[in-house]
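*Asks:* Residue numbers (the working numbering), protein chains in the order written: chain A, 14 to 403; chain B, 641 to 966.
Any given hint could be a false lead.
Derived contacts from chain B toward chain A, CB cut-off under 7 Å, selection only [what the hints assert, rightly or not]:
{"hint": "1", "residue": "TYR682"}
{"hint": "2", "residue": "ASP711"}
{"hint": "3", "residue": "TYR881"}
{"hint": "4", "residue": "TYR924"}
Footprint (simulated), chain B over chain A, 3 or more residues, beta carbon under 8 Å [to be verified]:
{"hint": "5", "stretch": "66 to 77"}
{"hint": "6", "stretch": "153 to 161"}
{"hint": "7", "stretch": "220 to 232"}
{"hint": "8", "stretch": "289 to 299"}
{"hint": "9", "stretch": "348 to 356"}
Treat the hints as calculated values from the structure; they're not laboratory data. C-beta atoms are modelled at their ideal positions from N, C-alpha and C, and glycine is treated no differently.
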Amino acid sequence: MLKKLRSNERMRQLMAGYYMMGHSARNVAWVTSGAPVEILYAMDIYPAYPENHAALIGAAKLGPNYSEYAEKIGFSRDLCSYARCDIGCVLAQSSPIGGLPKPTFLFACNNICNTVVKWYEVLSRIFKVPLFVLDTPFVRKDVKESYIIYVRDQLVEFMDFLEKLTGEKLDDGKLQKTLMMALAGVKAYKNVLLTARNKPSPLTCFDAFINMAPIVCLRGTEYPISFYSEMKSELDERIKNGVAAVDDERIRLLWDNIPIWYQLRWLGEFFASRKACVVADTYTNAWSWMIVKDKSDILGSIAETYIYIYLNVGLERMAEAINDLIDVYDVDGVVIHSNRSCKPYSFGQYELQKMISVPSVVIEADMVDSRAFSQAQIETRLEAFLEMLT
Amino acid sequence: MRVGYFCTFTPKELIEAAGFSPFRILAKESITGIANAHIQSYSCSQARGSLERALRAELQLEGVIFTRSCDTLMRLADIWERNTKMRVYNFEFPTRVDEKSKDFLISEIRDLATTLKLWGGDITLQSLKESIELYKELEKKLEELFSIKPDYELILRVQEMSVKEALKMIKVPQKERDKPKVLITGSVCPFLNVFKLFEEVGFAIKDDLCTGTRFFSFKYPEIDINSIEDGFRYLAEKYLYKAECPTKHYERERRFRRILELSKDCNGVIFLLMKFCDPHFFDYPQLKEELEEMGKKTMLLEIEFPAVSLEQLRTRLEAFYEVISC
Numbered sequence: 014m015l016k017k018l019r020s021n022e023r024m025r026q027l028m029a030g031y032y033m034m035g036h037s038a039r040n041v042a043w044v045t046s047g048a049p050v051e052i053l054y055a056m057d058i059y060p061a062y063p064e065n066h067a068a069l070i071g072a073a074k075l076g077p078n079y080s081e082y083a084e085k086i087g088f089s090r091d092l093c094s095y096a097r098c099d100i101g102c103v104l105a106q107s108s109p110i111g112g113l114p115k116p117t118f119l120f121a122c123n124n125i126c127n128t129v130v131k132w133y134e135v136l137s138r139i140f141k142v143p144l145f146v147l148d149t150p151f152v153r154k155d156v157k158e159s160y161i162i163y164v165r166d167q168l169v170e171f172m173d174f175l176e177k178l179t180g181e182k183l184d185d186g187k188l189q190k191t192l193m194m195a196l197a198g199v200k201a202y203k204n205v206l207l208t209a210r211n212k213p214s215p216l217t218c219f220d221a222f223i224n225m226a227p228i229v230c231l232r233g234t235e236y237p238i239s240f241y242s243e244m245k246s247e248l249d250e251r252i253k254n255g256v257a258a259v260d261d262e263r264i265r266l267l268w269d270n271i272p273i274w275y276q277l278r279w280l281g282e283f284f285a286s287r288k289a290c291v292v293a294d295t296y297t298n299a300w301s302w303m304i305v306k307d308k309s310d311i312l313g314s315i316a317e318t319y320i321y322i323y324l325n326v327g328l329e330r331m332a333e334a335i336n337d338l339i340d341v342y343d344v345d346g347v348v349i350h351s352n353r354s355c356k357p358y359s360f361g362q363y364e365l366q367k368m369i370s371v372p373s374v375v376i377e378a379d380m381v382d383s384r385a386f387s388q389a390q391i392e393t394r395l396e397a398f399l400e401m402l403t
Numbered sequence: 641m642r643v644g645y646f647c648t649f650t651p652k653e654l655i656e657a658a659g660f661s662p663f664r665i666l667a668k669e670s671i672t673g674i675a676n677a678h679i680q681s682y683s684c685s686q687a688r689g690s691l692e693r694a695l696r697a698e699l700q701l702e703g704v705i706f707t708r709s710c711d712t713l714m715r716l717a718d719i720w721e722r723n724t725k726m727r728v729y730n731f732e733f734p735t736r737v738d739e740k741s742k743d744f745l746i747s748e749i750r751d752l753a754t755t756l757k758l759w760g761g762d763i764t765l766q767s768l769k770e771s772i773e774l775y776k777e778l779e780k781k782l783e784e785l786f787s788i789k790p791d792y793e794l795i796l797r798v799q800e801m802s803v804k805e806a807l808k809m810i811k812v813p814q815k816e817r818d819k820p821k822v823l824i825t826g827s828v829c830p831f832l833n834v835f836k837l838f839e840e841v842g843f844a845i846k847d848d849l850c851t852g853t854r855f856f857s858f859k860y861p862e863i864d865i866n867s868i869e870d871g872f873r874y875l876a877e878k879y880l881y882k883a884e885c886p887t888k889h890y891e892r893e894r895r896f897r898r899i900l901e902l903s904k905d906c907n908g909v910i911f912l913l914m915k916f917c918d919p920h921f922f923d924y925p926q927l928k929e930e931l932e933e934m935g936k937k938t939m940l941l942e943i944e945f946p947a948v949s950l951e952q953l954r955t956r957l958e959a960f961y962e963v964i965s966c
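Turn these sequences into a full structure, and let the hints guide you.
*Replies:* Quick look at the structure:
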C-alpha cells in the first residue's frame, strides 16, 4: 500500500558505497551525528556514524539482539538503545553490514546529548584509541559570546589534534570548499523536505527518515547534493502528475523525536490507511537547519552553527521551531514520540504540548528497542487522536 | 533568602558571598504525583522527586541554579521555570574538565555573580574571601569527621543552610570498632534509612556519593585573593579539581583512578545507583571490571524512591556481607 520512491534504491546504493569506502580508509573517525564532520572530510578522514549504524540495525529489527550483548556485560536496559546496540555490535564483532571499520580515533560532540560523551568513553576504553570531546554549552535562552569563544578554541585544538594524528596540514581552502558543499547539501536536502508543503504531499516523514543517511554521513561531499537534487525531481514529478504519498490526504501531521525504526512500515501504513500524512518531522529538519552562516571567520561560524543544534536549545526555541514547521507545512496535529532512549529529546515534551499551536498526542516507545513498544496501546492512542482531528 | 542548587559543581561560595543561603535540592521519600504530568516516568527519582517538592510548594527559594551535569537536569530547568515562581539560571559548568576549559569556567563564574547581583545579592571582595575561607573550613572538618565515621544525617542537613550555621553543627564522632568496610559509589542518596541499613547489616562505610564525600572533596588552589577576579579564578581551580563525577569528561580516566584508589582499603565496592542515572550506568560495567581485576568484590544496588522494599535491600546487603567477610 505504501508508495515507494525510486530514491530509496539509489540511497541504498549510495550508502553501500559509503560503507565500502570505510573499509579502505586510512583514517577512520567514529563521530556523533551533531559533530562538525566538515572538518573531517576536509582532511580526508572517513567518518563512521554509530548512531546511523544503530538506526540501521533498528530498521532491520535487530535492536534487541545486539543490545543484549551489551546488557550481558552490565549495560543497563535503561541506557540509550543506540549506544547499547552499537556497543553490542562491537562486542559481537558483527552487524548486518559487517560492523563499522575500526576507529583511528573518536570524536564526540555533546550538542545532541551528554550520553554520547559516556558512550564514546566506553568505546575509547574498548578500542584504546583517543577520544576528542567537543564540549558545547547548552543554550537554554540566548547564546553568549563566551560559548562561541569556548567552542571555537576547542575547534582550533581539534585541528591541531588531527594534524598531529594524520601528519597532514588542514588546508583552509579545502575546509572552505567542504563547508560550501555541506551548505549546498543541506539546501538540496531542505528542498526535498519542502516538497511536502504541497497538498497533497508527495512525501511522508517515513520517506524522509529512510533517506536521511546521506545528509548525516556524507555532508560536506558532493553525494548529498546530487542525490537530493534527483530525489527532489522525483518528488516534483509526483506533484506534477498529481501523485500523493497518501491517497486522499485528509489530515496532515508532524512527527516529533527520533523515528521508531523497527515500526516505520507499520506506522506508515497505519497513517496512510486513515488518510493521514505525516508531512514533516523535527528529526530530519534538524539537519536542514544546519546552516553555516558567516564565512569571514570559518571556525567562529562552525562554532555558532553547532552550538545552535536543535537539541542544544531550550524549550522556547524548540517550540518556536515546531510552530514554524506547523505553519510551513500546514499541519493539523503533532505526534510526539516519547523516546525512552533519548532524554534530551523527550523530557520537556509535556511542556511543549502546551506551547505549540495545534493539538498533539504523546506515544511512549523507543527508537531501536522494540521490547519497549506496545502496538495495541499506541494504536488506541493514535486512533483516538486522529478521530479528534477529523 | 535561599538559593537552590542541585549539583555539587555549583560554587556555593558565590551564593553565600552574595548574601544568600545555599540550599541543596534533593528528593524526599514521598510518592511523586503532580510531577508525573511534567516529566516522563523514565526520569530518575531525584529529578522527579525534586520537581514534586517544588510543585507542592515545599521549597521556598529565591531562585534555582541548574549547573550543567546530565541531560535530565538540563531539560528540568525549563520545566521548573515554567511551572514554579522561582527564578531559574543555567550555570554551564564545562563537561570537559581540564586546564583548557578553565577560562570558560571563569567566565561562567563571572556571569553567575552578575546574575546573583540581579537577584539582589552583591558580592564584595570581603564577602567572597570570607565565604571561601568558611567553606574550606567546613569541608576540612567534614573530611576529618568522615574519615572517623561518616554521618549522613549531618551532611544532608549542612547542605540546607548557610555555611556559618553549618560549622556550628560539626561534632567529632567516636571511632568505630573494626568492621568490614565497603566503598559506596553513586550519585545522590538523600535517604537516610539506606545508610542505616548498611550499618545495621554491619558494614563500615566509605563513600563516593554526591550527597556524601563528593560534597567536600576538593584540592585547594594556591592563589592569593586580592580582587574579586582572583576569587573567581580560585573557585574555577577549586571546582575543576573537585572529586570526579561521571557527568564530566576527564583526561586520563581521572574518575576511574580515584575510585580504584578509594577502594584500596575497602573489602568491597557497592554501586548504589539511582535508576535511570545514565552517567553512572555507563561507567558501571567497565569500572566494575577494573575493580574486580584488582580483587574487589562488587555489587550493584539499583535504587528508586520511594523504595519498594528496604527488606529486599537488606537481604542483598546481608548476602554481600557474607561474601566479603569470609
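*Asks:* It remains to establish, for every hint, whether it holds in the given structure.
*Replies:* Going through the hints against the structure:
| no. | hint | in the structure |
| --- | --- | --- |
| 1 | TYR682 | holds (5 Å) |
| 2 | ASP711 | holds (4 Å) |
| 3 | TYR881 | violated (17 Å) |
| 4 | TYR924 | holds (6 Å) |
| 5 | 66 to 77 | violated (count 0) |
| 6 | 153 to 161 | holds (count 5) |
| 7 | 220 to 232 | violated (count 0) |
| 8 | 289 to 299 | violated (count 0) |
| 9 | 348 to 356 | holds (count 3) |
When each numbered hint is compared with the structure, violations occur for hints 3, 5, 7, 8.
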